[in-house]
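Student: Here is how the chains run, residue by residue.
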Amino acid sequence: MQDEILKMRGINKSFPGVRALQNVDFTLFEGEIHALMGENGAGKSTLIKVLTGVYAKEGGEIRLRGLDKPVTIKSPQEAQKLGISTVYQEITLCPNLTVAENMFIGRAEEVIVNWKKRIDKTNAILASLGISAKATQQLSSCSIAVQQMVAIARAVDMECKVLILDEPTSSLDDQEVAKLFSLMRDLKNRGVGIIFVTHFLEQVYEVCDKITVLRNGELIGEYLIKDLPRVALVSKMLGKELGDLSALQNETACDISRQKDIVVEVKGLSGDSGIRPFDFKTCKGEVTGFAGLLGSGRSECVRAIFGADHVTGGEIKIKGKPVHITSPLKAMKNGIGYLSEDRKSDGIIGDLSVRENMILALQVMRGFFKPFSKAQAYAFADEYIKLLGIKTASADTPISSLSGGNQQKVILARWLLTHPDYLILDEPTRGIDIGTKVDIQKLVLKLADEGMSITFISSEIEEMLRTCSRLIVMRDLNIVGELKGEDMTQDRIMHTIAGGATNHGDS
Amino acid sequence: MATHDKTINHDRSRSIILSIVKHNIFIPCAFLTMLLLVNIFINPGFLKISMGADSNGHPVLIGNLINILSNATELVILAIGMTLVTASSKGQDISVGATLAISGGVVMRVLCGNETQPDSLHAPIIVALILGCLAGMACGAFNGILVSRFKIQPMIATLILFTAGRSIASMAMGGLKPKAVSSFGYYGNFIPGFPIPTPILITIGIVIVTMLTLKLTNLGLYTRAVGVNAKASSLNGLNPTMIKFLTFVVLGFCVGIAGFVQSSRVQTVNPYTIVPGIEMDVILAVALGGNSLGGGKFNMTGSIIGAYTIQTLTSMLMTLNVNTNAVPVFKAAIIVVLVVIQSSVVKAFFNKKMGELKSRKNSGKGNDTYVVVE
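For the record, the sequence lines run as chains A and B.
Quick note on numbering: my numbering labels position 130 of the first sequence as 1036, and the sequence is numbered without any gaps.
Quick note on numbering: my numbering labels position 285 of the second sequence as 297, and the sequence is numbered without any gaps.
Since no wrong hints were added, every one of them can be taken at face value.
Under the rule of at most 35 angstroms between Cα atoms (straight-line distance), these lysine-lysine pairs were calculated in the DSBU-like manner:
1) Lys365(B) - Lys1297(A)
2) Lys1343(A) - Lys1250(A)
3) Lys309(B) - Lys1280(A)
Reference listing, derived: stretches of chain A covered by chain B, where coverage requires no fewer than 3 residues with Cβ under 8 angstroms from a Cβ of chain B:
4) 1238 to 1248
5) 1255 to 1261
These are computed hints drawn from the structure, not numbers from a lab.
Glycine included, each C-beta is placed from N, C-alpha and C at the ideal position.
Extracted from the complex, chain A is given alone in its bound form (with noise of 0.2 angstroms):
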């Protein structure tokens, strides 16, 4: 066995109102190549930021290899230097920079400069690790995989241990991907031990040792990948075992099969942000969702439905009809609304008051010259303040100071003020509490029965199961599936998310 590199144990850290981690462990040993998983709020950003000392821990301790001690990491620069390095999504050099430049970049370790050993020394690296850039080069001029790499390199270069990649392939293509991956391994050789978080289940088969899942800030358990099927990792993920589920399905059944006209159909959209072509229709009343996991392409589909992500190709008919949806506003003006997934960038207009933000959508729709009036406002806001027992001090209270399952009820009374043919509504419960989850979803229930056509995302495959009548599987940016009446169990969906080798799991 080689050494641990590194040991966290009994890690706690809490945000305002969250347990953001409790009593987690986390071990890395050298050479090895180590996936942290879980869904979002599951505590791995959390557990990596107090690892490079962004966040400041509350409990546990944090052991190095070669200090006695345990150590307490105040800043990423204090990380760097007890050689913890991490290399994000986001490219975060400079990249108006060159290559070396960015190399040494805060790194004063001489106090006259010598380029040309510099240089000489940079393009050895780039060199042995099989990077394909010029020392000189600006770094904007590499693609984003190299200048991932570069990154990577400078980490090493920096004598890194421990090296965390956050989220590094999501903007990679395969070719891209796997390059990475050959220096991953290389490096691994080299006895670099590395965290690998990502949403792809596909590439921490191909590339990791072991597996670390946390769901809601609690450790689930270390696994070694042989001995951790895709069923089982995603049913860890989810929080849900295989096999006893069948109890919960009875009661949550709901049918809506009934094949009326068809309220929108969608062919072959595809749009800028990456999702591939996909087909899709649901009918007056029905309730649909799409499942998948966290970059699956779940959302990806309905913004491309609603105009909010530039659509490249595919057509919509509404009702028959062909339309050109180019903008959220037209797809509004076609009967469509949507609640964004994420509330606090993409939902709520923070120091607007709740009246305020009820009526935007609606406003906007009624034009520029037509404002409401104060008294109608207020009589729409008290209305819904009313229907959805929104927990608010007035209709003039900012909505930044309501709690958070009280601003996503504002705005989805934002969006049923526009009485929509279509309503999307993307993980409108994530993040608020159980008694308001429940309202949510009776609520969708009665407008499906009230005749609106709704599709429901949600990372709770049990709360799609009680609300939706039919379910589009995602994987990877593509449609893997569709489930409906008996085959909508939570073993079926666990098996089509994590697609692959699906008869693995199964005993």
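Fit chain B to the given chain A structure using the hints.
Tutor: Structure of chain B alone, referenced to chain A:
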């Protein structure tokens, strides 16, 4: 029983006072009042308004207040536009002085043609006004495109016209410094026989139009929504690029009106010396009005009061016979105080003190105050 009622009354009156103190135009109003009080202290006759006669013997109102109200016109009009630009683009237009020279120059050129001292106006004044406004709006559109479409920081984008504007104005005037006949002066001074200075009337008109626009259109809501969260706004069907652009065009229109009034004051325009440094006064007016220069929510009334505050300060320093060269120093010193008092740090400090006082009163003992860190 009686004491009980008394406390309730006391509480109610205190809550009314609190709501007044917490109202977002309280601080700007308090500043202005303070400055006026200082002025009255220095010059007991400060508030006096009397009937006098202008050079042609027509009866006119004279007095310090009238002068301040009249002279603040350009500042108020520009502050209105600047407030919108600040809210939507999270930055300021520093070219308003230079573009004001351009629109003033266009007005003079239209009125005087190629003559330096024409006997009559070459064009109806309304035509000059419209063309002046169009020139201002063209400048605003130029800035607006750079900021909204090309996503250049407002200060950098407007630095271009800040640098070139006054020369462009000179070129627009054909290199001449014409003087128009005195009838053009009605708009910057008095209409014969009417005792109130015309600029005050123009200000009132513009303020009413602004308030009506904010009430009858969604300009306010859209501007604030885009300023607070452009991404979320665009998912609600708004076009942040268009709205930012529009606010710059509106400011350009304000520049046009202000340029017209300014050039009418002396019926001539010297593009290199007209309204020196007004851009900073305008931005200060917006800041004094309690607006965050980081954009988002805005307070139009506050900006207007802020503009009058600046004008009062300027004229106070002039009545005190402060050396012209030293005026900026005094102005700066007073503004530092005003801005620091409104800063979030000081506000937080006072809130903390208020909270401490309250908790001490409520519990009778010195309770610990919890300070939430992050």
